[in-house]
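Knowing the structure of chain G, use the given hints to seat chain L on it.
2 protein chains.
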Amino acid sequence: MKTIYRTAHAADVTSIGETVAVAGWVQARRDHGGVIFIDLRDSSGLLQVVLDPAVLGEAKDLRMEFCVMVSGEVRARPEGTVNPNLATGGVELGATALTVLSTSAVLPFQIEDRVDVDERARLKYRYLDLRRPKMAANLKARSRAIAVMRRVMDDLGFLEVETPTLIASTPEGARDLLVPSRHQKGSFYALPQSPQLFKQLLMVAGVERYYQVAKCYRDEDFRSDRQVEFAQLDFEGAFWDRDDVLETLEEVTSAVTREVRGVELSRPFPRLTWQEAMDRFGSDKPDTRFGMEIVDLSETFAGTGFRAFGASLEEGGTVRGINAGAIESTRSRMDALTERAKELGAKGLVWMVVEDDATLRSPVAKFLSGDEMEGLKVALGATPGDVLLMAADAEWRTVAGVLGGLRLDLGKPGSHDELAPLFVIDFPTFEPTGDGGWAASHHPFTAPVDVDQMANDPANSISRAYDLVLNGSELGSGSVRIFDPVAQAKVFEVLGISKEQAESRFGWFLEGLRYGTPPHAGFAIGIDRFVAILQDEPNIRQIIPFPKTQTGSDPLTGSPTPVEETQLAELGIRVRPDAKPEA
Amino acid sequence: MKTIYRTAHAADVTSIGETVAVAGWVQARRDHGGVIFIDLRDSSGLLQVVLDPAVLGEAKDLRMEFCVMVSGEVRARPEGTVNPNLATGGVELGATALTVLSTSAVLPFQIEDRVDVDERARLKYRYLDLRRPKMAANLKARSRAIAVMRRVMDDLGFLEVETPTLIASTPEGARDLLVPSRHQKGSFYALPQSPQLFKQLLMVAGVERYYQVAKCYRDEDFRSDRQVEFAQLDFEGAFWDRDDVLETLEEVTSAVTREVRGVELSRPFPRLTWQEAMDRFGSDKPDTRFGMEIVDLSETFAGTGFRAFGASLEEGGTVRGINAGAIESTRSRMDALTERAKELGAKGLVWMVVEDDATLRSPVAKFLSGDEMEGLKVALGATPGDVLLMAADAEWRTVAGVLGGLRLDLGKPGSHDELAPLFVIDFPTFEPTGDGGWAASHHPFTAPVDVDQMANDPANSISRAYDLVLNGSELGSGSVRIFDPVAQAKVFEVLGISKEQAESRFGWFLEGLRYGTPPHAGFAIGIDRFVAILQDEPNIRQIIPFPKTQTGSDPLTGSPTPVEETQLAELGIRVRPDAKPEA
Chain G
2 MKTIYRTAHA ADVTSIGETV AVAGWVQARR DHGGVIFIDL RDSSGLLQVV
52 LDPAVLGEAK DLRMEFCVMV SGEVRARPEG TVNPNLATGG VELGATALTV
102 LSTSAVLPFQ IEDRVDVDER ARLKYRYLDL RRPKMAANLK ARSRAIAVMR
152 RVMDDLGFLE VETPTLIAST PEGARDLLVP SRHQKGSFYA LPQSPQLFKQ
202 LLMVAGVERY YQVAKCYRDE DFRSDRQVEF AQLDFEGAFW DRDDVLETLE
252 EVTSAVTREV RGVELSRPFP RLTWQEAMDR FGSDKPDTRF GMEIVDLSET
302 FAGTGFRAFG ASLEEGGTVR GINAGAIEST RSRMDALTER AKELGAKGLV
352 WMVVEDDATL RSPVAKFLSG DEMEGLKVAL GATPGDVLLM AADAEWRTVA
402 GVLGGLRLDL GKPGSHDELA PLFVIDFPTF EPTGDGGWAA SHHPFTAPVD
452 VDQMANDPAN SISRAYDLVL NGSELGSGSV RIFDPVAQAK VFEVLGISKE
502 QAESRFGWFL EGLRYGTPPH AGFAIGIDRF VAILQDEPNI RQIIPFPKTQ
552 TGSDPLTGSP TPVEETQLAE LGIRVRPDAK PEA
Chain L
2 MKTIYRTAHA ADVTSIGETV AVAGWVQARR DHGGVIFIDL RDSSGLLQVV
52 LDPAVLGEAK DLRMEFCVMV SGEVRARPEG TVNPNLATGG VELGATALTV
102 LSTSAVLPFQ IEDRVDVDER ARLKYRYLDL RRPKMAANLK ARSRAIAVMR
152 RVMDDLGFLE VETPTLIAST PEGARDLLVP SRHQKGSFYA LPQSPQLFKQ
202 LLMVAGVERY YQVAKCYRDE DFRSDRQVEF AQLDFEGAFW DRDDVLETLE
252 EVTSAVTREV RGVELSRPFP RLTWQEAMDR FGSDKPDTRF GMEIVDLSET
302 FAGTGFRAFG ASLEEGGTVR GINAGAIEST RSRMDALTER AKELGAKGLV
352 WMVVEDDATL RSPVAKFLSG DEMEGLKVAL GATPGDVLLM AADAEWRTVA
402 GVLGGLRLDL GKPGSHDELA PLFVIDFPTF EPTGDGGWAA SHHPFTAPVD
452 VDQMANDPAN SISRAYDLVL NGSELGSGSV RIFDPVAQAK VFEVLGISKE
502 QAESRFGWFL EGLRYGTPPH AGFAIGIDRF VAILQDEPNI RQIIPFPKTQ
552 TGSDPLTGSP TPVEETQLAE LGIRVRPDAK PEA
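Heads up: the protein sequence lines correspond to chains G and L, in order.
Mapping of the first sequence onto the numbering used here: position 92 corresponds to residue 93, and the numbering continues sequentially without gaps.
Mapping of the second sequence onto the numbering used here: position 120 corresponds to residue 121, and the numbering continues sequentially without gaps.
Excised from the complex, chain G in its bound form (with noise of 0.2 Å):
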């Protein structure tokens, strides 16, 4: 679009002879002999202008970084200085006119990927930060995902609907946020975690096929790869079963990928069940771009001499070993893996290495029999130069946690060059809150394979819970939902939620479920995480565009902020004096 400042973007100026007016920044300024050369950076990309500063006097002043406004003839750049990497390589801007829009203060760092600058200065210079080429890119990475999304979504029959931020708080809500009422002091809204009641009600409602992009906001402790408030693609069908959700995750990670990185996903996506996720990558996200999978030793073990071993297994335990492949083996580093296997809940780690002639070296080959070992060598398929790791414990799930844990160190790739995204199906329903008690696994509107069987053996209950994983990160989780108000009584007559208490926390939504409520399932995405996987970014600050830092503040801004009494006066609070501020 022409406007009164230029009538092309740098990167279209490529026809010898034509007059064009650009305007822009100066992103880097040379002098030679007189003539000024600037790279002219605008949202499309750079220009080479050259000014004489005889002519133009204004040309002399140009500092990095000043927005500018240049016209004149577009030539061929003279040979030997064409620039092949560059869309506009080939040609220069002979200028005739000049008008600085605006000057830059001194920079407080430069605008180039290559610069290392702390993480605070960039924030605070946010404006500037986005300047850089990368994190320019990952802007356009990130509306480019969203508007794919929203397009398959549309294309699928779904309608988007926008659910409230201002909602109620539930008692148990303790990571709520809170947001103080002007019209009824005392009383507060809470902001959601997530538009889940809602948009069951919408399927209630009849809306059939729902989706959005929604913000959502969890008050909790800062890790690098979760913020306050984020972004999910947020959808849910009526009379939908599980795959007809998988199938729609499918169709909408693979345009995304397919726009943003260029690249085609192989469908349809692996499905593992959450026990073969643990039992063969130690991990319910599991990452599967690389082997080192946990084989079961327990068979070959049973009946060991190894106490190590044999004291696991007796008590119901488990042996199990990854095949670590040709690592270093110094005895330095076996003991930073064990000590490693210990932080990871291990009470020990048992090592071995394959030598040339296909015998173990460790502390406690001694201990084992002939047949071990070479039962051993075969489960793991071990060969020369080979390391073995093994663990074992009375629980499953410490052994394949530490082993997990190890694989991943030992074998994670270094980049998201290749992508594996896979679902991971029937999660346990509950999980045990250690007191006796349980707790829904994912929420406790997640309907159960079996209802009955939920009921008389909530331990070994499987929900109709997924999740979406991509090389090793939870990219989001969904379910099918509980319709049918009885079996929802039986859910929280497991976890321990009263008639009384339930009503009191999401009565308005149980009402809801008496009107003919459709079966229906759905999801939600993390866009973030999805989009810096994509971008190979290592921490979703890199991908969202104002971010805060991981207590929560804003170097941009300075929020949070302290507030005048007055103004907290009209919301009818107030700051309990241990939590003032220092001003």
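Worth flagging that the hints you see were computed from the coordinates, not collected in a lab.
Among these hints, one or two may not hold up.
As the list claims (entries may be wrong) - Short, incomplete list of chain L residues facing chain G, as computed with Cβ under 8 Å:
| no. | residue |
| --- | --- |
| 1 | 108 |
| 2 | 144 |
| 3 | 151 |
| 4 | 165 |
| 5 | 181 |
| 6 | 190 |
| 7 | 245 |
| 8 | 513 |
| 9 | 562 |
From the three backbone atoms N, C-alpha and C, an ideal C-beta is built for every residue, glycine too.
This is chain L only, laid out in the frame that chain G set:
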């Protein structure tokens, strides 16, 4: 998409002889000689289903809004029972299988457009209210409108960028909604009233074309057309001038109107200066669907002997009038109009009725000269039967407001069948605060047409702000922004904002302006008001999926609610004793 619950949607069932499975809700149920007819409703429409209770025993128990799955064979309806108003009116489904997926409790109200239900009940059972055809259509229209907006912006090369919703509160943000921080107890985030400063910083960041469907929050008195949370299409362009914004607005609103209403808006939209809008229509959001324009009669009555007019003119004021046309002209009606004029700020209202012989009947006729009466008739184009209404005041804005208000009362169309969009441009930069100072008419980042003139003569300064008006409603507003820190400082000076105050309020933003800020301009459209007009709904609560009442409460969830003391303590706040809600 076929699922395990259905092979087709109701509206797609038209092929006689086909075997299909459908799923949906029982909209109506009729018993006819042992055979049961139901209208099955799903998101696509209706299908008549015929069930034989002798074969399908469950059919006897079907009640309104039960959720069912039915399969059977499609057959032609018997002659004489065809419904030409229904896509599926020629067929019916002869059921061979019936599954009740879920039953329904007795409905609090009927699921029909024509039933008049208390709004509180409708909001409490919003999931049932949204099943009504008109509400379902509103939901779809809103979804569609937003999708079209996004498509147009994407096509125009805009980047959708998400700005944060937990931001810094500003000292003047008396209407900010606040969110206490758990990590920095005693400190607060604010929810944004608009993404204004962030979008301007995106211009500094070089984004050049930004848009967002932004959730905004304003904690003000609730009126029929305001909600505490609302969505706006927010956009901004760098190297942009006013007309770039107005053309983009025409493009977006025309596309939405085309797709939601099937109507092509005539372009370009009329542009009225603020002064012209006030002079001709007595409003800065004129409804131009009807005439009854205001006429300046000051010349006609220059030197009049009629004191009510003469006094105002001597004080430098004005006499203006409208021709209200052939309205009822009884004395009681005229008295009522005079009362209304006084409510609108007039000292009085002069009315005259044009008799059949073209003489003027009025209590004040005797004070006017023959020339004045003739001049008046010519100026107002009076013909027999017309009622002429006049007001005079030392303040022209009072007269404009009075006549503009009467004009709407007398002429405003009762529906939005006709659509009359227009732009109001050239707003005054400032409004007097009443104590000799100035307040920004738009906001303090709006560029004045002439910075020096603004500094010297604020009363007559024109700003580069503009509004989009549709059928007398302001759909949104925008402006060319100040991009020069020096000009920004001058505006603050006129507004009486000291350097220190400016620094403490928006220092982080002003810092950003120092790094080569491009010229930029933008706009925000209120989505709900726009869609409400297109759907001819009188209030935006008909358009918003889950709205709040005028006091900000949600009858569905009960929010806002009291929160336990322990939960507040974790956030470092407590409720003031005088603000305790009733439990």
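Hint residue 562 of chain L vs chain G: min CB-CB distance below 8 Å? 6 Å, holds
Interface hint compliance - residue 144 of chain L to chain G, C-beta minimum distance less than 8 Å: Holds, about 5 Å.
Taking the least C-beta to C-beta distance, is residue 513 of chain L closer than 8 Å to chain G? 5 Å, holds
Does the interface hint hold: is residue 245 of chain L within less than 8 Å of chain G, judged Cβ to Cβ? Since the shortest Cβ distance to chain G is 5 Å, the answer is holds.
Any CB of chain G closer than 8 Å to the CB of residue 190 of chain L? With a closest approach of 5 Å, the residue 190 of chain L hint holds.
Hinted contact residue 165 of chain L with chain G - closest CB pair below 8 Å: This hint holds: residue 165 of chain L lies near chain G, its Cβ roughly 5 Å from the closest one there, short of 8 Å.
Mind checking the CB of residue 151 of chain L against every CB in chain G and telling me if the closest is under 8 Å? 7 Å, holds
Using the nearest Cβ pair, does residue 181 of chain L come within less than 8 Å of chain G? Where the cut-off is 8 Å and the nearest Cβ of chain G is about 6 Å from residue 181 of chain L, the hint holds.
Could you check if residue 108 of chain L really has its C-beta closer than 8 Å to a C-beta on chain G? Nearest chain G Cβ about 7 Å off; hint holds.
In terms of the numbered hints stated before, the structure departs from none.
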